Amino acid sequence: MTKTRNNFNMWFPPFKSLSIFLFILILISVTHGIAQAPTVRFVDGEGETLAEVEFKLHQEIVYLPVETLKTAFDPEMTHEYHRPRKQLILKTKGKELRLRMGNTTVNIDSGKQTFTLPAPPLAIEGQPMLPIHFFRKILAHLDDVEVLYNPNLQRIRIMPKTAWALDVSDDTREWTIIIDPGHGGEGDLGCKSQNGLHEKDIVLAAAKEIKKLSEQHQLSIHLTRDQDTEKTLIQRVQTANREQGRLFLSLHCNASFSPNHKGMRLYINNPNGQPRFRTSEMPRFGKKRLNILNQANYLKQSKNFANVLQKELNFLAENPIVITEFPIITLSDVSMPAVLLELGYLSNIDDAKQLSNPDHISELAVAIIRAIQIYSASVNQPSKSNGFSERKPSDTN
Amino acid sequence: MNLLRKILHSRLFMVWGITLVVIIIGLAITLVLIAHSKRTRILDAPPKLPDTPNTTDILPPPEQVNIFLLNPTSLEITPVQVELRLYSEPTERLKQIVSALVQETLPNYRNPIPRGTLLNEAYIDSQKTAYLDFSHHLADGHIGGTTAELLTVSAILKTIFDAFPNEIIHVQILIDGKEKKTLAGHLNLSQPLRF
Ligand SMILES: [Zn+2]
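Here the protein sequences come in this chain order: A and B.
Position in the first sequence (first residue = 1) + 54 = our numbering.
Position in the second sequence (first residue = 1) + 901 = our numbering.
Calculated from the structure, these hints are not laboratory results.
Any given hint could turn out to be false.
What follows is a set of in silico ranges between Cβ atoms, one per label pair, in the way DEER data are often shown [to be verified]: (1) B:E1022 x A:N249: 25 to 31 Å; (2) A:E284 x B:E964: 26 to 32 Å; (3) B:P963 x A:N249: 33 to 39 Å; (4) B:P980 x A:D404: 25 to 31 Å; (5) A:E372 x B:Q1004: 33 to 39 Å; (6) A:G101 x B:T974: 28 to 34 Å; (7) B:T974 x A:D413: 42 to 48 Å.
Covered stretches of chain A (in silico footprint by chain B; criterion: 3 or more residues with CB under 8 Å from a CB of chain B, positions within the stretch not fixed) [claimed, not checked]: (8) 315–323; (9) 393–407.
Dumping the calculated DSSO-like pairs for lysine-lysine here, alpha-carbon to alpha-carbon at most 30 Å [as the list claims (entries may be wrong)]: (10) A:K354 x B:K1059; (11) A:K191 x A:K285; (12) A:K285 x B:K996; (13) B:K1079 x A:K357; (14) A:K285 x A:K215; (15) A:K354 x B:K1081.
Keep in mind that this is a model prediction, so the values were computed, not measured.
Every residue gets a Cβ at the ideal spot worked out from N, C-alpha and C, and that includes glycine.
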């Protein structure tokens, strides 16, 4: 026994085995690093990977090989590339697309539809390559799909539009959703970016995009402001109540004293959040307290709505979106489930750049509309006569 | 003439003359020393403290106090130790600590209180609620955004609750003597807050 152990110790002293282990570890990490070329991951509506494709960067733009369409979008897709004429013909989903290398125009079915891409397709190393914009913008016109792109994580989500035809009651379909673009007018610009972007303009653009998109999905959306006008909190609440809104989403852009704060944030009004209101038995702020309880009745639903928004918007985020609860003035007097969404930090260079991109705004709108549909479909809807307003305050804690 | 020369050369004159010179030099040294000691005493004196109702001639000793500022790396509101000569009377102490927070500019931290903000007045009521009346800069000079608003209020609340763990349980923020619903349109300030 002793001899065997000695032999073992002679050949494998502890430090030696440790160094072998470290060597293997370093070798794996180095070879892994070499093998790991940058890729774009395509996922479906459920987050399952459809394809992982290596990309080439040309002037900071992501380019993908034409074959990507076959693996990620349409297995029956065919393509012809005429090298001398630099012409690419794609046949997919019963449509014929004509593109030319170095030219930004996409011609569908001999001119029935034409689109202009922000960057042209290119022949890279003799192979025709498509810019990321093609996947981001054109696919939705070829099939019943919605496309979301996360440039930070290089992920593309292709979701069938048919998945939206959720099993919802007619009553739910009649819901009016209130979208509240924060701030507005000359007196309330909101926060601003270093390059002069104003919160009030970005949130209005996003709200209008949501409204535009909602019309394609028979969803009734009402905006608390559709112009660059100043609205008081009371006016916003009055609009929401007058329109008999069933959901309230306030859109804002964030700011911080540190340029490192970035990403989206979700907020729910909770007077018992952090920081919290004084818990007092005295009816000192009688009217206000009544209103707070009103909104507090919807705390549970507001949380559910925030959770759905979080899940849908996470795809577009670099890091998971955090939901925070504290007393929020914007939502405190709203008598319906209400959430405040901060679309990104204007004090952060990357976020500000993304928020100035109309493609990103329309993708945010896609995710928000989807979240509204999923939430409204998930609600076991009470009849209008005994709506949410009858919930007891005790439900909230 | 002879008499004058005699006097000048006399031993008596020499003795008196030397004594006089020594006295003058001694007096001059004493005066210089007095003047110097006065100047150093002025330099060593602590900065003038605000007028208080019960000001005493004895200055309070320096104390270590936590001021809460934003750490731009961890993105958290973190305590930073500063030395202040604080009065024992809670309201005066509160004014001194909040004024120190408002003015603090440490190189590796960000102060989430907008520049130019002043504390107008502060008092603590019988229910242990501290009322802090700030100048309009706290709201008008605010950069906006929910996070920034939370950071501003958190820095104030954390600094106060750390310094007054038993004396203060709620904080009501006022702007130029009036209740303001919000600083930048997100956080509700219409009621006293606590953590
Ligand atoms: Zn805002």
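Hints, one by one, checked against the model:
A beta carbon spacing of about 40 Å between E1022 (chain B) and N249 (chain A) contradicts the range 25 to 31 Å that was offered as a hint. One distance hint, 26 to 32 Å for the beta-carbon pair E284 (chain A) and E964 (chain B), is violated here, with the actual separation near 47 Å. For the pair P963 (chain B) and N249 (chain A), the supplied restraint of 33 to 39 Å is violated, since their beta-carbon distance comes to about 46 Å. Between P980 (chain B) and D404 (chain A) the beta carbons are some 30 Å apart, a value that agrees with the proposed interval 25 to 31 Å.
Between E372 (chain A) and Q1004 (chain B) the beta carbon distance is about 36 Å. The supplied range of 33 to 39 Å therefore holds. The given range of 28 to 34 Å is respected by G101 (chain A) and T974 (chain B), whose C-beta atoms sit roughly 32 Å from each other. The beta-carbon spacing between T974 (chain B) and D413 (chain A), approximately 32 Å, falls outside the hinted interval of 42 to 48 Å. A stretch counts as covered by a chain when three or more of its residues have a beta carbon under 8 Å from one of that chain; for the segment 315–323 of chain A and chain B the count is 4, and the coverage holds.
Judged by the Cβ-Cβ criterion of 8 Å, the segment 393–407 of chain A is covered by chain B as claimed, because 5 of its residues qualify and three suffice. For the hint pairing K354 (chain A) with K1059 (chain B), the CA-to-CA distance comes to about 29 Å; that is within 30 Å, so the pair holds. With a C-alpha separation of about 34 Å, the suggested pairing of K191 (chain A) with K285 (chain A) is violated against the 30 Å cut-off. Only pairs whose Cα atoms come within 30 Å are accepted, and K285 (chain A) paired with K996 (chain B) is rejected, the gap being roughly 36 Å.
For the given pair, K1079 (chain B) sits about 33 Å from K357 (chain A) by alpha-carbon distance, which is inconsistent with the 30 Å threshold. Under the criterion of a C-alpha separation no larger than 30 Å, the hint pairing K285 (chain A) with K215 (chain A) is inconsistent with the structure, at around 35 Å. Restraint check for K354 (chain A) and K1081 (chain B): the C-alpha separation of about 28 Å stays at or below 30 Å, so the hint holds.
Of the hints listed earlier, those the structure fails to meet are numbers 1, 2, 3, 7, 11, 12, 13 and 14, in rising order.
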